[in-house]
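S.K.: Listed below are the residues making up each chain.
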Amino acid sequence: MDQKRQKLKKKNMQVINDLNLKKQARDLGVKVWQTPGFMFIMLGVIAIVIMSAVFLISQNYDDPEILVLAESFVVIVILIVGNSVISMVTQVTKLNRMKSEFVSVASHQLRTPLSAIKWETELLLSKCRRRVVGDKQRQSIENINTLSIKMTHLINDLLDVARIDQHRLIIKKIPTDIIAVAKDSIKEAQSLAKKRHIELALSAPRKLPAVLADPEKLQMVVENLLNNSIKYTTNHGKIELKLTKKDALIIFNIKDSGVGIPAEQQNRIFDKFFRSDNIVKYQTEGTGLGLYIAKNIIEQMGGRIWFESVENLGSIFSFSIPISKQKE
Amino acid sequence: MTKILIVEDELTLNKALEEFLVEEKFEVFSAFDGEDGIKMAKEKSPDLILLDIILPKKDGFEVLDYLKLDKKTQKIPVVLLTNLESAEDIEKAFNKGATTYLVKANYRLEDIVKKIKETLKCA
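Keeping their order, the protein sequence lines are chains W and Z.
In case it helps, the working numbering puts the first sequence at residues 125 to 452.
In case it helps, the working numbering puts the second sequence at residues 663 to 785.
Worth double-checking, as some hints may not be accurate.
Using 16 Å as the maximum straight-line C-alpha spacing, the simulated EDC-like pairs for lysine to aspartate or glutamate come out as follows [to be verified]:
| no. | chain 1 | residue 1 | chain 2 | residue 2 |
| --- | --- | --- | --- | --- |
| 1 | Z | Lys687 | Z | Glu772 |
| 2 | Z | Lys733 | Z | Asp709 |
| 3 | W | Lys449 | W | Asp338 |
| 4 | W | Lys296 | Z | Glu753 |
| 5 | W | Lys297 | W | Glu423 |
| 6 | W | Lys379 | W | Asp338 |
| 7 | W | Lys223 | W | Asp281 |
| 8 | Z | Lys677 | W | Asp401 |
| 9 | W | Lys296 | Z | Glu750 |
| 10 | W | Lys251 | Z | Glu681 |
| 11 | Z | Lys704 | Z | Asp732 |
| 12 | W | Lys366 | W | Glu347 |
| 13 | Z | Lys734 | Z | Glu705 |
| 14 | W | Lys251 | Z | Asp732 |
| 15 | W | Lys251 | Z | Glu686 |
| 16 | W | Lys396 | W | Asp284 |
| 17 | W | Lys251 | Z | Glu685 |
| 18 | Z | Lys777 | Z | Glu705 |
| 19 | W | Lys311 | W | Asp284 |
| 20 | Z | Lys677 | W | Glu340 |
| 21 | Z | Lys719 | Z | Asp698 |
| 22 | Z | Lys701 | Z | Asp721 |
| 23 | W | Lys331 | W | Asp301 |
| 24 | Z | Lys730 | Z | Glu697 |
| 25 | Z | Lys754 | Z | Asp727 |
| 26 | Z | Lys777 | W | Glu340 |
| 27 | Z | Lys687 | Z | Asp709 |
If you want the footprint, here are the derived chain Z segments under chain W, 3+ residues with CB under 8 Å [unchecked claim]:
| no. | stretch |
| --- | --- |
| 28 | 671-684 |
| 29 | 759-768 |
To be clear, the hints were calculated from the coordinates, so they are not data collected in a lab.
Virtual Cβ for every residue (Gly too), placed ideally from N, Cα, C.
For reference, chain Z alone in the conformation it holds in the complex (with noise of 0.2 Å):
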């Protein structure tokens, strides 16, 4: 099974994101901070990372340096899924090494899951 790390804290967003991707036979891990993140992304070694920005303890752009440092993460897709929009965040995003970049309230559920097959299927 397909393993997917949300790190997000909105509880309800977590949850409704977690409910839909295990309907859709995903397995799925949530982290609710940036540093909680981190250390499930080193423990249960997912096979894709959904990542927001905005986060307790260690923002969505520091998780993504951590990530990409380690060796064990460094290969391990990033989906940014967040409401910031502006170009320096998005430009950001991609110079870190994020793979997609996407704006949560310009997505329904099942795009996300078709956004995640699709990264999947290129990495």
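Just chain W, same shape as in the assembly (with noise of 0.2 Å):
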């Protein structure tokens, strides 16, 4: 019942998406009195107008030439409105295409070198630790290896925006250990959590049943989530995870003392390239793609995301995953 009226609310939130012009002009590109919606409203008025028009002249005149001369117009009038909005459409289809060239030849162009990087200082550090090498030779090997996976990560990036744009972001749904996910993903974070002097911890039942999800994907978003309460809780804090399950889904929570989200920009948080300005002036690196991309994986995969902030108090974000109903 519950995924039922999530799935009305986002059908509605489509439609209103669909007529929000403003939000049309932006995530084109382009001006609002450019966008295919104003086109077809304009086209929509314009008829009715000269439909009206036609009507009051046809009580007026019985001419058949007047009302042949006012019913081409209307069709002349149509047809000009009419190949103004295919050309804006033409134009976005190309446009589109174009994103999509750019994300083929970028994905390989790319991560090719970025793959040869991180490889040659894998085996650079794998020979590290069987020899003798200077304290200073290896940091360096590391800081390559670190700085080559951040390059590597903000091309996925990227690469899974203009997905999303184009629809075409693929994510499967097989039968997820969630706490599985979560303990990785812990493990993953301890190193940057050490360095600032911030305790992880996980609260979750001893077993939980698995989730429908695409695991990678998942452990994406919890990363992130993870990262950003690290990034954003000053030294010598804790963060806390916690895992529980309601009804038919599964429930995640990252609970953390940070630096929060000022209250007049909450409602911006999971917009595109959004990062509050308490954030910017405290850590200068950082996308805002993050936050986006997790929330559509998380949508995606049938889930919900959500988040509780006060400024300067810390936040808590969450998200449902659905319960697989498959035997794993």
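Take each chain as given, in its own frame, and dock them per the hints.
M.R.: What follows is the structure, encoded as structure tokens:
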């Protein structure tokens, strides 16, 4: 029932978004009067006005030539406006195709040298572990490795955003052990948390039913939320992760005592490239894509993501995922 | 010793994979284009093939077609190792008989070895 309500809500939001010309203009990178939505509305208004005028003319004039002239005028106007709409839609389609080609080129051409850097540094680090190498050299190699991983994540985020925009993000739906995902994410985040003297704690039942999710993407979401909490929590804080079962859903919470989000900016937190002002001052690094991607991933898996936050006190980010009905 | 054939045109990537796999006690053969990949698969009868998609002469999909048609090579598990990640490429790869599809940028060398061992266990 909860899922049906969520689906209906999503459909209603879609309709509202489609009628939201400002949002359409922002998404397409054009002026409001250039959006397909505006053009369709104008076409409708013009058609109604002209039809009304033709009706009034036909009431006052019997002459068939005047009627033909009036109706020809209507057709011409509709053709002109219709042509403008078609041009706009064609332009948008061309831009989408260019985006798609960029995604395809970028995914290969940018990632190939990055993969080479990553693997070469892994080989060097592996050799470092076996021989005596100066601390400075080892640190330099680790820095190169860390930075190449960061670049890979940035490219992956940009590619994911492009795929989301084109409705081409692939999300598998298979039975997934969310406790294992949470534990792996904590393991990955431990070194960053240790550097900042932040304690990570997981509270979960011994066993939970599997969720229907894409394990890799789900881990990406958990790691994103966890890394945000760590980055925006001052040293010596505590971050608590919690997993609970509620009806046919598993609920994941992550609570921190970080900088929080200003109330007046909370409605934009899941927008593409958005970073709240207090975050930008606190930490200049970041693209503002993580939560946008996380929201899309969770929603495509049939879940929901939300948060509570108070500036200077901290935040609790939560998401729900449906339990898998399949046998593992 | 388990035999792995690497079909990868980027020299740095090919050599990095080869070095790591040799350290992990695999016997490794390398090919740098699709045609050479098919030839080495027939000659060396590897236990598993790591196959890139964008290759000179014959691309990874064409190589897969040849491998799956030839009785000598059709049962060899093929792990696609590429930086292409579109839904169409992934679907095409599995339709042509690939066993696993890995995006290079997302995998460390040790993770690739884990996937190789998993694939060989299931084969």
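S.K.: Now look at each hint and say whether the structure bears it out.
M.R.: Verification of the hints:
no., hint, result
1, Z:Lys687 with Z:Glu772, "holds (13 Å)"
2, Z:Lys733 with Z:Asp709, "holds (14 Å)"
3, W:Lys449 with W:Asp338, "holds (15 Å)"
4, W:Lys296 with Z:Glu753, "holds (13 Å)"
5, W:Lys297 with W:Glu423, "holds (12 Å)"
6, W:Lys379 with W:Asp338, "violated (23 Å)"
7, W:Lys223 with W:Asp281, "holds (15 Å)"
8, Z:Lys677 with W:Asp401, "violated (46 Å)"
9, W:Lys296 with Z:Glu750, "holds (14 Å)"
10, W:Lys251 with Z:Glu681, "holds (11 Å)"
11, Z:Lys704 with Z:Asp732, "holds (9 Å)"
12, W:Lys366 with W:Glu347, "holds (14 Å)"
13, Z:Lys734 with Z:Glu705, "holds (9 Å)"
14, W:Lys251 with Z:Asp732, "violated (40 Å)"
15, W:Lys251 with Z:Glu686, "holds (13 Å)"
16, W:Lys396 with W:Asp284, "holds (12 Å)"
17, W:Lys251 with Z:Glu685, "holds (11 Å)"
18, Z:Lys777 with Z:Glu705, "violated (24 Å)"
19, W:Lys311 with W:Asp284, "violated (24 Å)"
20, Z:Lys677 with W:Glu340, "violated (28 Å)"
21, Z:Lys719 with Z:Asp698, "holds (9 Å)"
22, Z:Lys701 with Z:Asp721, "holds (14 Å)"
23, W:Lys331 with W:Asp301, "holds (9 Å)"
24, Z:Lys730 with Z:Glu697, "holds (14 Å)"
25, Z:Lys754 with Z:Asp727, "holds (11 Å)"
26, Z:Lys777 with W:Glu340, "holds (14 Å)"
27, Z:Lys687 with Z:Asp709, "holds (14 Å)"
28, 671-684, "holds (count 7)"
29, 759-768, "holds (count 4)"
Of the numbered hints stated above, those contradicted by the structure are hints 6, 8, 14, 18, 19 and 20, listed in ascending order.
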